[in-house]
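Colleague: Spelled out, the chains give:
Protein chains: 2
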Amino acid sequence: MNNFEFKNPTKILFGKSQIEKLATEIPPNEKVLLLYGGGSIKKNGIYEQVTKALSNFEVVEFGGIPANPEYEVLLKALKIIKEKQITFLLAVGGGSVIDGTKFLASAALYKGEKPWDILSEKIRTEKGMPFGTVLTLPATGSEMNSGAVITRKGTKEKLGMGGEGLFPQFSILDPQVIHSIPKRQIANGLADSFTHVLEQYMTYPIDAALQDRFAESIMQTIIETAPKILGDATDYKAASNFMWCCTMALNGLIQKGVPNDWAIHAMGHELTALYGIDHARTLAILTKSHYTYNLATKKEKLAQYAERVWNISEGTLEDKSKAGIDKTEAFFHSIGIDTKLSEYTNDYKGTAETISKSFIKRGWDGIGEHGTLTPKDVVKIVEMSY
Amino acid sequence: MNNFEFKNPTKILFGKSQIEKLATEIPPNEKVLLLYGGGSIKKNGIYEQVTKALSNFEVVEFGGIPANPEYEVLLKALKIIKEKQITFLLAVGGGSVIDGTKFLASAALYKGEKPWDILSEKIRTEKGMPFGTVLTLPATGSEMNSGAVITRKGTKEKLGMGGEGLFPQFSILDPQVIHSIPKRQIANGLADSFTHVLEQYMTYPIDAALQDRFAESIMQTIIETAPKILGDATDYKAASNFMWCCTMALNGLIQKGVPNDWAIHAMGHELTALYGIDHARTLAILTKSHYTYNLATKKEKLAQYAERVWNISEGTLEDKSKAGIDKTEAFFHSIGIDTKLSEYTNDYKGTAETISKSFIKRGWDGIGEHGTLTPKDVVKIVEMSY
Numbered sequence: 153m154n155n156f157e158f159k160n161p162t163k164i165l166f167g168k169s170q171i172e173k174l175a176t177e178i179p180p181n182e183k184v185l186l187l188y189g190g191g192s193i194k195k196n197g198i199y200e201q202v203t204k205a206l207s208n209f210e211v212v213e214f215g216g217i218p219a220n221p222e223y224e225v226l227l228k229a230l231k232i233i234k235e236k237q238i239t240f241l242l243a244v245g246g247g248s249v250i251d252g253t254k255f256l257a258s259a260a261l262y263k264g265e266k267p268w269d270i271l272s273e274k275i276r277t278e279k280g281m282p283f284g285t286v287l288t289l290p291a292t293g294s295e296m297n298s299g300a301v302i303t304r305k306g307t308k309e310k311l312g313m314g315g316e317g318l319f320p321q322f323s324i325l326d327p328q329v330i331h332s333i334p335k336r337q338i339a340n341g342l343a344d345s346f347t348h349v350l351e352q353y354m355t356y357p358i359d360a361a362l363q364d365r366f367a368e369s370i371m372q373t374i375i376e377t378a379p380k381i382l383g384d385a386t387d388y389k390a391a392s393n394f395m396w397c398c399t400m401a402l403n404g405l406i407q408k409g410v411p412n413d414w415a416i417h418a419m420g421h422e423l424t425a426l427y428g429i430d431h432a433r434t435l436a437i438l439t440k441s442h443y444t445y446n447l448a449t450k451k452e453k454l455a456q457y458a459e460r461v462w463n464i465s466e467g468t469l470e471d472k473s474k475a476g477i478d479k480t481e482a483f484f485h486s487i488g489i490d491t492k493l494s495e496y497t498n499d500y501k502g503t504a505e506t507i508s509k510s511f512i513k514r515g516w517d518g519i520g521e522h523g524t525l526t527p528k529d530v531v532k533i534v535e536m537s538y
Numbered sequence: 153m154n155n156f157e158f159k160n161p162t163k164i165l166f167g168k169s170q171i172e173k174l175a176t177e178i179p180p181n182e183k184v185l186l187l188y189g190g191g192s193i194k195k196n197g198i199y200e201q202v203t204k205a206l207s208n209f210e211v212v213e214f215g216g217i218p219a220n221p222e223y224e225v226l227l228k229a230l231k232i233i234k235e236k237q238i239t240f241l242l243a244v245g246g247g248s249v250i251d252g253t254k255f256l257a258s259a260a261l262y263k264g265e266k267p268w269d270i271l272s273e274k275i276r277t278e279k280g281m282p283f284g285t286v287l288t289l290p291a292t293g294s295e296m297n298s299g300a301v302i303t304r305k306g307t308k309e310k311l312g313m314g315g316e317g318l319f320p321q322f323s324i325l326d327p328q329v330i331h332s333i334p335k336r337q338i339a340n341g342l343a344d345s346f347t348h349v350l351e352q353y354m355t356y357p358i359d360a361a362l363q364d365r366f367a368e369s370i371m372q373t374i375i376e377t378a379p380k381i382l383g384d385a386t387d388y389k390a391a392s393n394f395m396w397c398c399t400m401a402l403n404g405l406i407q408k409g410v411p412n413d414w415a416i417h418a419m420g421h422e423l424t425a426l427y428g429i430d431h432a433r434t435l436a437i438l439t440k441s442h443y444t445y446n447l448a449t450k451k452e453k454l455a456q457y458a459e460r461v462w463n464i465s466e467g468t469l470e471d472k473s474k475a476g477i478d479k480t481e482a483f484f485h486s487i488g489i490d491t492k493l494s495e496y497t498n499d500y501k502g503t504a505e506t507i508s509k510s511f512i513k514r515g516w517d518g519i520g521e522h523g524t525l526t527p528k529d530v531v532k533i534v535e536m537s538y
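Protein chains in written order, with my numbering: chain G, 153 to 538; chain U, 153 to 538.
Take these hints with a grain of salt, some might be off.
As the list makes no split between identical chains, a pair holds if one copy fits it or if it spans any two.
Dumping the calculated DSS-like pairs for lysine-lysine here, alpha-carbon to alpha-carbon at most 25 Å [to be verified]:
hint	residue 1	residue 2
1	Lys183	Lys440
2	Lys408	Lys380
3	Lys532	Lys492
4	Lys173	Lys408
5	Lys279	Lys159
6	Lys279	Lys163
7	Lys279	Lys528
8	Lys274	Lys408
9	Lys231	Lys501
10	Lys173	Lys380
11	Lys389	Lys451
12	Lys168	Lys389
13	Lys479	Lys183
14	Lys163	Lys408
15	Lys528	Lys492
16	Lys195	Lys305
17	Lys168	Lys408
18	Lys234	Lys389
19	Lys234	Lys266
20	Lys492	Lys204
For the record, the hints were derived by calculation from the structure and aren't laboratory data.
Since the model is a prediction, treat every value here as computed from it, not as a measurement.
Generate the whole structure from the sequences, applying the supplied hints.
Modeller: In structure tokens form, the structure reads like this:
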């Protein structure tokens with residue numbers, strides 16, 4: 153096991169009727185900016201629950217944060233924060249709204265001239281404006297971590313940021329919100345959280361026995377829960393397991409002490425930036441090619457995964473590892489997610505080269521857990537995903 | 153899954169050479185009370201590493217905190233805290249030293265007259281004196297939770313306390329400290345952490361799928377690691393897995409959203425108070441009787457445990473649940489721990505009645521996850537453990 157540091161101070165309030173606790177979780181006398189997305193919260197009753205709980209606070213609203221939160225839109229919210237002297241941010245939404253709120257928490261206290269520098273110059277946020285979240289779409293785990301990914305439409309960039317100052321003060325997880333989520337987005341949440349686990353697990357063995365088993369536990373639970381929650385979004389038991397898996401998949405716990413990959417995400421972000429493909433689906437597109445291309449360095453963990461998660465006991469190490477890859481692709485198909493780029497766009501030729509060039513431009517000369525996947529490797533992996 | 157709240161702000165520094173980070177983890181200008189136990193840290197090099205890292209702080213020492221930290225001893229440390237105007241506590245030890253330090257963190261800021269009231273009156277500690285820990289004996293999980301158990305020799309009482317103010321600011325976990333731990337205490341740590349998981353898991357099914365799998369993961373890892381670490385305490389891989397299992401077994405994560413039992417601990421504490429039997433061994437004494445006596449209400453989880461943790465696939469639900477109990481007893485034996493009270497004392501007759509009476513005296517008329525185990529049931533369970 154590698155050395156590690158772990159700290160996650162976010163308070164989780166999980167279960168039915170937790171939204172009303174906003175009234176006491178936000179410190180008294182804060183001036184709150186309520187942030188949300190496309191307005192679905194006004195149709196499913198969450199907006200009413202939230203505003204009722206906030207009745208003792210001065211609240212300003214900012215709606216319209218899009219999926220893949222856009223820098224240009226967020227700058228408008230930043231202006232409001234400064235003009236209205238906001239002191240506390242409340243994100244009500246999924247990963248996009250929460251990530252956008254994290255950018256604002258950082259930018260609100262940032263002393264530099266161009267907030268984009270936080271992303272392009274990889275400036276860590278040690279202290280941000282305090283914020284809480286009400287999660288409406290389980291998927292990204294952003295509700296219990298200190299990272300965010302922000303998109304800049306003008307330059308087709310999608311970059312990450314983070315830092316200790318970006319943990320939510322609290323996050324409210326009421327599995328009942330899942331009732332009204334479209335099936336397509338539930339499938340995205342399943343694929344996104346599943347791939348988060350893979351990126352922290354499917355590397356090389358390092359004798360971190362408990363982290364391995366925790367990662368396998370999350371994947372097993374997602375696999376068991378997927379047909380239930382897709383079959384009936386009002387199934388509270390399935391909803392609560394789905395929601396807690398998404399949070400645990402990316403709250404830092406399983407990534408500690410072990411090598412991390414994140415190559416699938418690095419490539420996937422480019423597909424979203426280029427074609428607007430849902431984040432989770434970009435991951436599903438790249439998973440099989442990535443693991444097949446890197447079979448030599450990942451086969452021990454792939455075989456362990458095949459054995460423990462998919463109960464594959466027959467065959468050589470290589471047989472098992474390939475069977476694990478196939479099972480993963482079949483899982484994506486089982487939840488209605490296509491796994492080839494050509495199923496999402498006709499305009500896919502040249503994508504591999506485009507992505508490779510943008511990696512070179514950013515100086516990303518080696519990604520993956522060994523830092524050895526070059527832009528040339530990226531070309532091959534992306535081409536295998538066409 | 154039940155509703156729950158979860159927050160654990162303790163920072164973990166895990167791995168080799170982490171002790172030197174004390175120099176920066178303790179805020180500057182704090183006046184530190186360094187607390188430790190019987191002095192083994194002066195023989196194994198830990199004391200030197202700690203004092204070197206503390207060279208920029210004003211440090212007062214208090215050694216001699218015994219296993220099952222005693223109220224009477226702790227009162228002497230409390231006097232020093234007040235006289236020397238200590239502002240930060242540093243526990244260097246196992247669960248006893250850390251628990252004792254938590255009592256002091258609470259008592260130092262307590263406004264009442266008798267600090268024992270914190271225990272006897274179950275007063276929650278919302279704010280305590282800040283403290284950190286250097287763990288020297290993995291077992292209790294106290295390094296990453298907000299609970300403590302304190303013993304009062306004079307009255308043969310052993311009571312719990314807790315509250316949000318009792319999370320360590322940081323805990324340093326260097327698996328290398330395990331090198332010098334006697335085999336007997338390593339076995340205790342294995343049994344203690346294993347039983348912690350059982351107490352939070354072996355109840356009734358509540359569809360908390362991920363919590364179940366996490367609990368099973370910890371137990372599987374302890375079972376796999378036990379022969380390795382008992383065979384060679386310098387095996388760093390085994391040591392690190394053992395250490396991280398002990399922490400994760402009782403840092404609050406797996407107990408959230410599920411019913412908790414803790415009847416084995418409630419009864420076990422009495423055996424320690426009466427006979428001075430090692431805490432972990434009291435748990436091993438009571439486990440088989442408790443689960444056998446409560447088979448009717450626990451058989452679904454016992455069978456699930458037998459299947460998933462011990463790979464028992466044959467037989468009826470009842471067969472499997474009994475096999476799970478037998479495997480647990482065999483596990484204790486495999487690590488050299490006796491499981492009958494009569495193997496620890498000849499003076500065991502009447503113990504069941506004595507424990508039952510002390511429960512009645514405290515008004516504990518129903519323990520366990522249903523709160524339905526009466527003092528009469530306790531008599532039977534303890535008698536089955538003779």
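Colleague: List, from low to high, the hint numbers that the structure doesn't satisfy.
Modeller: Hints 1, 7, 9, 10, 13, 16, 18, 20 are the ones this structure does not satisfy, whereas the remaining hints hold.
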